[in-house]
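Chemist: Sequence:
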Amino acid sequence: MKTVRRIELLAPAKNVEIGQQAILHGADAVYIGGAKFGARYAAGNSAGEIARVVEYAHRYGVRVHATLNTLIYDDELEAAGRQARELIAAGVDALIVQDMALRRMSLPVELHASTQTAIRTPAEAAFLGNAGFARVILERALSLDEILSLIHISEPTRR
1 MKTVRRIELL APAKNVEIGQ QAILHGADAV YIGGAKFGAR YAAGNSAGEI ARVVEYAHRY
61 GVRVHATLNT LIYDDELEAA GRQARELIAA GVDALIVQDM ALRRMSLPVE LHASTQTAIR
121 TPAEAAFLGN AGFARVILER ALSLDEILSL IHISEPTRR
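Going by my numbering, 87 is the number at position 87 of the sequence shown; the sequence numbering is gapless.
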């Protein structure tokens, strides 16, 4: 029996207003950058602003993913962990991350491997799935055939 996958429209939200507009126009989920550690230039939303997006989104059954998708230096680990916990307390449904240090923090939220992790092969996607990532966001430059080869990988083994 063929598995039917639901397509999710995930829209970027630079700020609260754009997030609300994306939701009103049919997004199933939005992603938004926090105060620091995000790859989107000048996103810089506070945890309070993201909490407003979450409150609005959840009224409509829409998920909110927050980005912490830059590499984190050793002297930034404490601040990155603090921001991750603030975003979780704000109610985000997932964190989109690049740096594997966030994976090691045992955060109580879904983690998605960012496109910045450059996932290009089924083996790379399976590796991250086995490492505990709930979702992988593929490399932007992949062809349709390459994407299709990644879609058909088996479910990761859970430990």
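These are calculated hints, taken from the structure and not from any lab test. It is possible that part of the hints are untrue.
[To be verified] Here are the computed distance ranges between Cβ atoms for each label pair:
(1) E78 <-> L144: 19 to 29 Å
(2) Q21 <-> N130: 35 to 45 Å
(3) A141 <-> A89: 11 to 21 Å
(4) A134 <-> E17: 40 to 50 Å
(5) M100 <-> L24: 13 to 23 Å
(6) L144 <-> A35: 34 to 44 Å
(7) E146 <-> S46: 31 to 41 Å
All values reported here derive from a predicted model rather than from experimental measurement. Note that beta-carbon positions come from the ideal geometry of N, C-alpha and C, so glycine has one too.
Chemist: Are the hints correct? Go through all of them and say.
Modeler: Each hint, compared with the structure:
Between E78 and L144, the C-beta spacing of about 42 Å breaks the proposed range 19 to 29 Å. At about 37 Å, the CB distance of Q21 to N130 agrees with the hint of 35 to 45 Å. Hint check: A141 to A89, Cβ distance near 36 Å, so the stated range 11 to 21 Å is violated. In this structure the supplied range 40 to 50 Å is violated for A134 paired with E17, their Cβ-Cβ distance being about 28 Å.
Look at M100 against L24: about 36 Å separates their beta carbons, and that is not inside 13 to 23 Å. Judged by the Cβ atoms, the range 34 to 44 Å given for L144 and A35 holds: they are separated by roughly 36 Å. A hinted range of 31 to 41 Å for the beta carbons of E146 and S46 is consistent with their spacing of about 38 Å.
The structure fails hints 1, 3, 4, 5 (numbered hints given earlier, in ascending order).
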